[in-house]
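Chains A and B supply the protein sequences, listed in that same order.
With my numbering as the guide, the letters of the first sequence map in order to residues 1 to 537.
With my numbering as the guide, the letters of the second sequence map in order to residues 1 to 361.
Check the hints yourself; a few may be wrong.
[As the list claims (entries may be wrong)] For each label pair, taking beta carbons as the anchor points, the in silico distance ranges come out as: (1) A:Glu145 to B:Val96: 55 to 61 Å; (2) A:Lys104 to B:Leu186: 55 to 61 Å; (3) A:Lys452 to B:Ile165: 53 to 59 Å.
Read the hints as simulated data drawn from the structure, not as lab findings.
Using N, Cα and C, we set each Cβ at its ideal position, and we do this for glycine too.
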Amino acid sequence: MLHALTRRALLTATAAGLLTLAGSYGPALAKTPKDVLVVADKIDDLISLDPAEMFEFSAYDYAQNVYDRLITFDPKNFGPLKPGVAESWSLADDGVTYTFKIRKGLKFHSGNPLTAHDVVYSLRRAVKLKKTPSFILTQFGFTPENVDEKIKALDDYTVQIVTNKPYAPSFVYNCLTAPIAGIVDSKLLKEHEKDGDFGNGWLKTHSAGSGAYKLRVWKPNEIYVLDRAGDYWRGKVAMKAVFVRHIEESSSQRLLLEKGDVDVARKLTPDDIAAVMKNPDLKVENDLKGRIMYFALNQKHPILSKPKVREAFRYLADYEGMTKSFLRGQYVVHQAFLPLTYLGELKEKPYTLNIEKARALLKEAGHGDGFSVKIYVRNAQDRLEIAQSLQNTFAKVGIKAELVVGTGKQILTEYRARKHEIYLGAWGPDYPDPHTNADSFAHNPDNRDEAKLTGKLAWRNSWFNPEVNKMTEAAVLEKDTAKRAEMYRELQRKVQREGPYVIMFQQIIQSAMRKNVNGFITGGAISQVHYWTVTKD
Amino acid sequence: MSDFRSDSVGMRSGGAGEDPLLRRLYDRLRPFLRLFVSLIVTFLGLLAITFFIGRVIPIDPVLAVVGERAPPEVYEATRKAMGLDKPLIVQFAMYVWQVLHGDLGVSLLTSRPVIEDIQRVVPATFELATLATIIGVVLGVPMGVLAAVHAGRWPDHLVRVIGLIGYSVPVFWLGLMGLLLFYGKLGWVGGPGRLDIYYDGMVPTVTGMILIDALLAGDMDIFWNAVSHIVLPASILGYYSLAYIARMTRSFMLEQLGQEYITTARVKGLSEFRVIWVHALGNVMVPLITVIALSYASLLEGSVLTETVFAWPGLGFYITNALVSADMAAVLGGTIVVGTVFVGLNLLSDFLYRIVDPRAR
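Isolated chain A, as found in the complex (with noise of 0.2 Å):
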């Protein structure tokens, strides 16, 4: 598999070093219609276009411009809440109790008015349907059984929301959010309903929302198309359709927009990148996405359990080296589990490659000889090559790392079995709000195996560390959002130092467009892609 890749890679390598000798082709003009936008992206994980059920990435670019939330973010300004299909909202002096105010006069695309009632089914439906991100909503409280008394329409335009605790408001405004909370159209879904499913087959594959655009077709891993659905409560939308193509290759994406045929490349490599950065028709926009990109030591193994040499990996990964050559553009150093622009990240970096530090710290565990381990990590490149890096810098203190290497499915299944030595790989939190990766990174419970929290990455490390659940277990509740910022700060500055995790960067994607493209915003690390704010010249 390696040797396949690895020979695929050089040849890619060939084909993009041909491509920039070659330089510009000719006169480029813009070919796709004005009021079209043209994406060229990788969609093969697109498996349902259900709200309630998705939770890969393209599908959330989807939903963001398909279905509105109840609360949202200012497309220009993303980190307060906005207004959604809500106008207003607020919490009782019970702390549990929140009521929301929806907006009058609004319609979805099959022109069905939307009301409470559509809200209160959309959340209850998500909550039913119990589909992956159905815990999104479900940690407050929620279940099958107690939803319809929980989450309830006082009026045609107002909803009430009861919580099981007590919880940070901003934890709950957060999460809804997130593209769970997609507001569907129930009485449309109602006639698509087939043995209680409340339509998710039909919606799988169909659209019923109230966002800026409808869903025209879907064809899996090919294409999706979007037209716009009519007049928009949040603004003008400038393109009358919107298509999405799935292009594998980076060089492939990059052709076509050097060509015109295409208006945003959104999946080119670093060296696509740089070409397209000397093309005069071309720009590139750069935007810190919510992924970390780190490596866990399983608290399992007799050596890596050490708190000496887990301190010791942290001397041992060349942070500033890897962004400055191969993660050039696609990285940046960061070193604490929340992705910045989150409520309470930490921009602190206490850690840089020193080989002398980790030697020593080696050598007071008891391992100043080295010792061999291996090193999980699935065959996408940047994480191969990453891995590689980290053998060289462990190899400096005579760490004998083995890469194993397999598909992102197969070193998942390892790693959620607990199985693996070192994991490689990256996190990307699950809703804007910190719980999310606090809950991940160092909340563990119940460290036995047969507590299968495969969720956490906390337990399938195997670690466990009381002092520090109670820290998430408390943040999660402070009702003063300062504070709580606050204590999420000292959390990371814990885990940082000894947690078993190397957190090493966060992602920067970089989305390649005409020049004539305005308003291409890919939503930072908290949202997704607006298609309804663009604008071409």
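Since the structure of chain A is already known, use the hints to place chain B on it.
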């Protein structure tokens, strides 16, 4: 097979043997019966192997559906719904039972029935493979004949060099270079994809083959746009089958040209053209048909790399994608298609033998 035969002998000496009409009917039907049984065995074997390999590879198909963050209860419920809690052999039997009822299951990756997916991806591959094979045959056979006739001289060397390049240059690289030159630099052909992207969905899907659908809809703009997109990938794939077909034609022809009947034909005073293109070529048609059928079949499996470079949503990409995600319904569905293609083309070439070679009748 011998058991089968002795069985039929028993049958014949029994009831059927007495009645000449029944016996004649049985003799007529026997080849079909045999074909039918062998088809069933072939397909069952194919399915069984694919199925069990799919279950042995260390990929968790549940993860492909629910994602890595799924809570345990969602994971378990999905596992049950997929029937993965049952013994392997039961799962296989259930699958075969479904297939016999025309249900290939639902793909995990596309959330739709596999049959629907196959109806979408197969026409794309079929269109490309057919055009490529036509290119391969139209150019490859004459090149092979020329090479054989001029064995050892420059036309032969030229054909060999062309063939060698076809064998040794990876299709992936050739595809990218082709795109760079003919699309990027010269602008003679369309870019990756079956159409310019914003043409997508403008002609109604009838056959799934855009060239034909565009003609049916009478939309010549889209037809020519589709032609400009297919011409490069078809030429590149065609080039590979050309290399193979030319080489095989050459060696078959060389063998024939050394035969006595060729000398006889020449002595009789037939024109050289007739000797080569009618007599010799006529005799290599039988093995050549097998070669062409096999090369066509391998193109119909889909060519993952070509499909990747040209963003061509065909069968190869579909099966490969399904395989790495353990989407077994899709993999098995694809396997059935590929199996059918091979069996079908084998039957077709058998049938063609009978036409071109009277001895086979």
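The hints, checked one at a time:
Judged by the Cβ atoms, the range 55 to 61 Å given for A:Glu145 and B:Val96 is violated: they are separated by roughly 39 Å. With their beta carbons about 58 Å apart, A:Lys104 and B:Leu186 fall inside the hinted range of 55 to 61 Å. Judged by the Cβ atoms, the range 53 to 59 Å given for A:Lys452 and B:Ile165 holds: they are separated by roughly 55 Å.
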